[in-house]
Amino acid sequence: MSDQAHTRTEHDIAPGDEEQHSVGERVIGYVVGLGLALLLTATSFFIAGTDLVWQPSIPVALIVLAIAQMGVHLVFFLHITTGPDNTNNVLALAFGAMVVFLVVGGTVWIMGHLNQNMPPMDQIMQMHR
Amino acid sequence: MLGKLDWSAIPFDQPIPLVAGAIVLVGILAVLIWVVAKGHLPYLWHEWITSVDHKRIGVMYILLASVMLLRGGSDAIMMRIQQAVAYQSQGFLPPEHYNQIFSAHGTIMIFFVAMPFVIGLMNLIVPLQLGVRDVAFPTLNSVGFWLTATGALLVNLSLVVGEFARTGWLAFPPLSELSYSPGVGVDYYAWSLQISGVGTLVAGINLVTTVLKLRTKGMNYLRMPMFCWTTLASNLLIVAAFPILTATLAMLLLDRYLGFHFFTNEAGGNIMMFMNLIWAWGHPEVYILVLPAFGIFSEVVSTFSGKALFGYRSMVLATMAICVISFMVWLHHFFTMGAGPDVNAIFGIASMIIAVPTGVKIYNWLFTMYGGRIRFATPMLWAIGFMVTFIVGGLTGVLLAVPPADFMLHNSMFLVAHFHNVIIGGVLFGAFAGFEYWFPKAFGFRLDERWGKLAFWFTFLGFYVTFVPLYVAGMLGMTRRMQHYDVAEWRPWMFVAAAGMAVLSIGVICQIVQIVVSIRNREALRDRTGDPWDGRSLEWATSSPPPVFNFAFHPDVRGEDAYWDMKTRAQQQSLEHEAPEYHDIEMPRNSPTGFICAFFATIMGFALIWHIWWMVILGGIGAFATFVVFAWRDHDEYVIPAEEVAAIDRINLEERRSLVSMAGAV
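First to last, the sequence lines map onto chains A and B.
Residues 77 to 205, numbered by the working numbering, are exactly what the first sequence covers, in order.
Residues 90 to 755, numbered by the working numbering, are exactly what the second sequence covers, in order.
Treat the hints with care, as some may be off.
Pairs of lysine to aspartate or glutamate residues, derived as EDC-like cross-links and limited to a Cα-Cα distance of at most 20 Å, are as follows [as the list claims (entries may be wrong)]:
1. B:306 with A:161
2. B:306 with B:743
3. B:302 with A:161
4. B:302 with B:675
5. B:396 with B:649
6. B:306 with B:673
The set of hints was computed from the structure by calculation and includes no laboratory data.
All values derive from a computational prediction rather than experimental measurement.
Given the sequences, and given the hints that come with them, work out the whole structure.
Here it is as structure tokens:
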């Protein structure tokens, strides 16, 4: 609907509504993103099987690479920036991350404590005897 | 060819559902014949069924909710009568039928009454309050409504074809698993919720986008009416929580259809996981319902006290706090599952904390009323009735949030009384307040005050007579969902509750009479100015009913209470408006996409329930093809020429000017 165009301020723009860069610029952005994503993926596979680094650090390295991977996706493919035109998108991301954290974290915590009110297994076996 | 479907699906041996189904069928047929014979079908098709106008869709949502309220209410009446007579006897409902009734009552009241009612009101009012011409995604809005209607249709179909779930309104496993519920009841439950769940999610996305992206000039966040804020919070919760419900039910369906073991007793399934997940949706859900009601009360209390809302910013903060904290309390629905004192204590404390922002809201409403010139019109009566009732319900809720007390009261009638106290006293009273308050805006005439007040008093008193005895019965140890019982002490309370149900029913009848009487006297009750209550927000700045484009010009908002502000300025400066210059307006074209999508979704849902696989494929292809046709459409907008806009707007402008000059003279 065209009549809404002027109700928009430049402070909140939906994904895809950004300032139109030339096609070339946008292609370069996606190619760089793809390159970085592939690089991070390849590094993860390489690190997992290598003995070039200290072995106990491998899980930490994989976590770091995974987080970097998420960052690449957010910046190059989902176009999340820190600019004022991105407030809504950043807030939506934060809200989503918070809900996922609460639900997943809470679930793990709750399900891990479900045997709290149960006597230890050997006591149950005693009772059955 | 027809899967599990054969003649044994029709319950010929059970007179109650068959007779009820027959009456409804005759009713629907009569209405259809009347519509076709009178030639209303083209009107209905062009103006309502294919409409993408947010006001029309809102009205249809509310109509759906009202019809389903009668259905869910008759379930409630049967349950109250059953418990009144079933002392040391079987009562008049056999156990398997009684179990279907309490399951259907809960499912219908939450998903097909409360949800469509609040979504309908949000659809109807939020774009008007924001001063815009439509929601963000008009056709998607229509799809959302019709998918909700599909869910409601499937639930009602289970009355005559097959059976409904006997598992309670959340279908806890292992009872809802194939080994204990081999019939189609749980499938009816799950598929109708899956389909209507898509509709709800769509409505949520649409309304979030509308509030965030479509606001008129000058309407920044801290100038939005309270109802828009609660709409934003509630729909954020829809977007975040409904996928959990969909995923949980999908896992249950995988268990039932493809032999998975997510929630089964054997093969490593974990039933506790279902409780955990369903309540991770279920608790935000109660706030999805009650937050819009809070918004309605904020509008009503401030309008009928003739004052700006007290503590607007604290109200916004409280709303958003509830939005976040509502995701931190879900364990209080299963304290007794055995997570131990650490977990229970934290969730218990969180549950008590969420009462704080709600308390802030109550005080804000009280202070809004304090020193105001209060008009006791029907919407205001509902609001005051809500404040009293909701505090009682909230306090019993805080009591239930104490884990040791919950171990005593879990699954008792006390719990039943508590959640009816907050849902009826909060959501339903809110829906009725909004209905009475915004009815003139939607239809252009007010509702009869005398019948409205009668309806309020009967409902209000009937509510207490029905549910206070249930608190007592719960304290005496009565558990919920009992088909019959042998304890003599409970019986008097069940009698009182049944009597209360009768009073409540009179309230419902008064409400129906109110609508009939008001339609008859509509010329006398006509609202010509568009501002029958001396309102404060922008929905009153346009005519009643609003033209299809809502506003001829985008209103220019300079502060909170935008319309009040405009009225004050107009009176002080006695502005002589010169004839404004009108422009063409583009509006979205009507589209049958929603109706056709829902038609195929109904076929698909029915086929899935009865394992008719070829029909599933047919429905799926049909729905997808509808989407493709819509996506490749050529014209999606039409233009209303400036002259037409001017002609429509001038009539309203005249009425409004005479109102302002009259008020100025006084």
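Against the structure, the hints come out as follows:
1. In summary, the hint linking residue 306 (chain B) to residue 161 (chain A) is supported, as the alpha carbons are separated by about 18 Å, within the 20 Å threshold.
2. For a cut-off of 20 Å, the pair hint linking residue 306 (chain B) to residue 743 (chain B) is broken: about 24 Å separates their Cα positions.
3. The straight-line distance between the Cα atoms of residue 302 (chain B) and residue 161 (chain A) is roughly 12 Å, inside the 20 Å bound, and the hint therefore holds.
4. Between residue 302 (chain B) and residue 675 (chain B) the CA atoms are separated by roughly 18 Å; this keeps the pair inside 20 Å, and the hint holds.
5. At roughly 12 Å between alpha-carbon atoms, residue 396 (chain B) and residue 649 (chain B) fall within 20 Å of each other, so this suggested pair holds.
6. For the proposed pair residue 306 (chain B) and residue 673 (chain B), the alpha carbon gap of about 19 Å is at most 20 Å, so the pair holds.
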